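Asker: Residue numbers (the numbering used here), protein chains in the order written: chain A, 1 to 284; chain B, 1 to 262.
Hints are computed from structural coordinates only; laboratory data are not their basis.
The structure presented is a predicted model; accordingly, all values stated were derived computationally and were not measured.
Do not rely on the hints blindly, as some may be mistaken.
Derived, one-sided and incomplete: chain B residues facing chain A with beta-carbon distance under 8 Å [claimed, not checked]:
| # | residue |
| --- | --- |
| 1 | Arg-107 |
| 2 | Phe-118 |
| 3 | Gln-121 |
| 4 | Gly-122 |
| 5 | Leu-126 |
| 6 | Gly-128 |
| 7 | Glu-140 |
Think of the CB as a built atom: it goes at the ideal place given N, C-alpha and C, for glycine as much as any other residue.
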Amino acid sequence: MYVLREAFAAIRRAPVLTALSAAMVALALLVVGLFGLVTFNLQQALARVEERVEVVAYVRDGARRDEVAVAEEALLELDEVRSVRFLSKEDALAAAREEFPEFRDIFGDLAVNPLPASLEIELQTGFRSPEAIARVAGMASLYDFVEEVVYGQDWVNRLYVLRRVGAVATTILGLAFALVAALIIGTAIRIAVFARRDEIQIMRLVGATNGFIRRPFLFEGFLTGIAGGILAIGLTYAAFLVGYRLIFPLEWLPWSWVAGGALAGGLFGVLASTLAIRRHLREV
Amino acid sequence: MERRCCFDTFLRRGISFGSSEPPYSSPLLPASFPVVIKLTKVTKEYPPRGRALDDVSFLVEKGEFAFLTGHSGSGKSTTLRLIHMAERPTAGEVRVGGFSSELISQREIWKLRRRVGFVFQGFRLLPGRTAAENVAFALEVTGTARGEILPRTNRLLTKVGLAAKAGAMATELSGGEQQRVAIARAIANEPLVLLADEPTGNLDERAAGGIMELFLDLNAQGMAVLMATHDLELVRRHPRVRVLEVNEGRLVYDSTGVPGVA
Chain A
1 MYVLREAFAA IRRAPVLTAL SAAMVALALL VVGLFGLVTF NLQQALARVE ERVEVVAYVR
61 DGARRDEVAV AEEALLELDE VRSVRFLSKE DALAAAREEF PEFRDIFGDL AVNPLPASLE
121 IELQTGFRSP EAIARVAGMA SLYDFVEEVV YGQDWVNRLY VLRRVGAVAT TILGLAFALV
181 AALIIGTAIR IAVFARRDEI QIMRLVGATN GFIRRPFLFE GFLTGIAGGI LAIGLTYAAF
241 LVGYRLIFPL EWLPWSWVAG GALAGGLFGV LASTLAIRRH LREV
Chain B
1 MERRCCFDTF LRRGISFGSS EPPYSSPLLP ASFPVVIKLT KVTKEYPPRG RALDDVSFLV
61 EKGEFAFLTG HSGSGKSTTL RLIHMAERPT AGEVRVGGFS SELISQREIW KLRRRVGFVF
121 QGFRLLPGRT AAENVAFALE VTGTARGEIL PRTNRLLTKV GLAAKAGAMA TELSGGEQQR
181 VAIARAIANE PLVLLADEPT GNLDERAAGG IMELFLDLNA QGMAVLMATH DLELVRRHPR
241 VRVLEVNEGR LVYDSTGVPG VA
């Protein structure tokens, strides 16, 4: 009760300082939020591209449907495989007509269907590395009736490199942004605590325990951090709306990320207060 | 002990040395006179400045009133800070109540602080709070029950003659009034001893006189008081109060005639 009362009273007594601290926290977290927004949307874009990765095994003309069906089942049992779809020669031609309307006349005049039947193998999420794809392609090529297996090896390799570079870059930049945010939040809270160092000293002089002195400051740091976090969410959302309307359709962050951001603000606030007050507790 | 200070002549004239009278003491004192403060061969060094205190020893007993005199920079404030254990001696031991500077940890300092009140020349009140809030603050800090805080605050402000100004902001009070609030805060938890560092230094003569009377009243009720001052007129006006004089970090004079540890 004392903790709540003192924390809110301190905010009431110095509203400008509290607002400035919260604003500094908000701006620090805004940078992290914008970075999160960009990272998340890049991840989503990459995931959508990865979704299109599939292995196609072309089936020789004259292959028996039952032996192809056995292969379908065997391939489906692999961990990497999500689905296997058999596309007959007729289906392939129909699809070609559908996908390439400009060649409809040519396809219509054909006396013999030149397109092969195929097995379209879709991969599970998390099994789209070049190694996993090559393994599935290798398994499919083992069947005698399979004439050729294609999966755009170069493209898959480039996509994989891009994903790894993206992961390393976002981790390093994310940590750097988080560190900068932590330092800014730490400084903001430190200034707020420093402004009240006399109060801390007087509390020490009259016999307050360290815990008793620390608790209202920690709660105040938490409130400042949470307020800054919520403000940062609002600013990030405003940036998202502007980006959505002016640049291209973006996806808003998952709510777990948003809640994590606000909570991170609060925790940074508590941590910064703990470190700031520790110094003053040693003074008297 | 060799007299090394210009205070001597003045003190010899103003204070009845060699008198058979005991030091100023309270009528409420128990017969046992337990020691409240004991400094044993205390030295405090601040490298590279040198020694602020050098081999200082003295006792203050329960209910005793003592002036700690000396020039600016002689070691008065250092002595008080050591007694309050805001600092630790470089050598020797400070004992206050049951607490020893050699044994008490930084985490336990609060236990000592509740037994020792401290009044500063600069008052050190919280400016954004009223007189009552400044006093209540000391009670809240020590975990006094909520229902008790208001009546005890009122009693304390009445005791220091400021009941009518309970709701005034600290910054609206005169220097003398602020010092009274500081005293009320210092005695809020009924300490064994009240330390005062030049408490009248910022006050005019009338206000200083009032504060001194207040200290004497508190002492008459049994509270030991150790008051650092360089105001020799104030010392001379209270000839029955014990005088300890420090000069260049050494205890050069004790009006009880017993320099060093008893």
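Asker: Please go over all the hints and tell whether each is borne out by the structure.
Answerer: How the hints compare with the structure:
Below 8 Å, beta-carbon pairs count as interface contacts, and B:Arg-107 has one with chain A at about 7 Å; its hint therefore holds. A least Cβ separation of about 6 Å between B:Phe-118 and chain A falls short of the 8 Å threshold, and the interface hint therefore holds. Of the supplied interface hints, the one on B:Gln-121 is violated, with its beta-carbon coming no nearer than about 14 Å to a beta-carbon of chain A, more than 8 Å. Violation of the interface hint for B:Gly-122 is found here, the shortest Cβ-Cβ separation to chain A being roughly 10 Å, above the 8 Å cut-off.
The interface hint given for B:Leu-126 holds, since its Cβ lies 6 Å from the closest Cβ of chain A, which is under the 8 Å cut-off. The closest approach between the C-beta of B:Gly-128 and any C-beta of chain A is roughly 5 Å, which is under the 8 Å cut-off, so the hint is satisfied. Hint status for B:Glu-140 relative to chain A: holds, with the closest Cβ pair at about 6 Å, below 8 Å.
Checked against the numbered hints given earlier, the structure breaks hints 3, 4 and satisfies all the rest.
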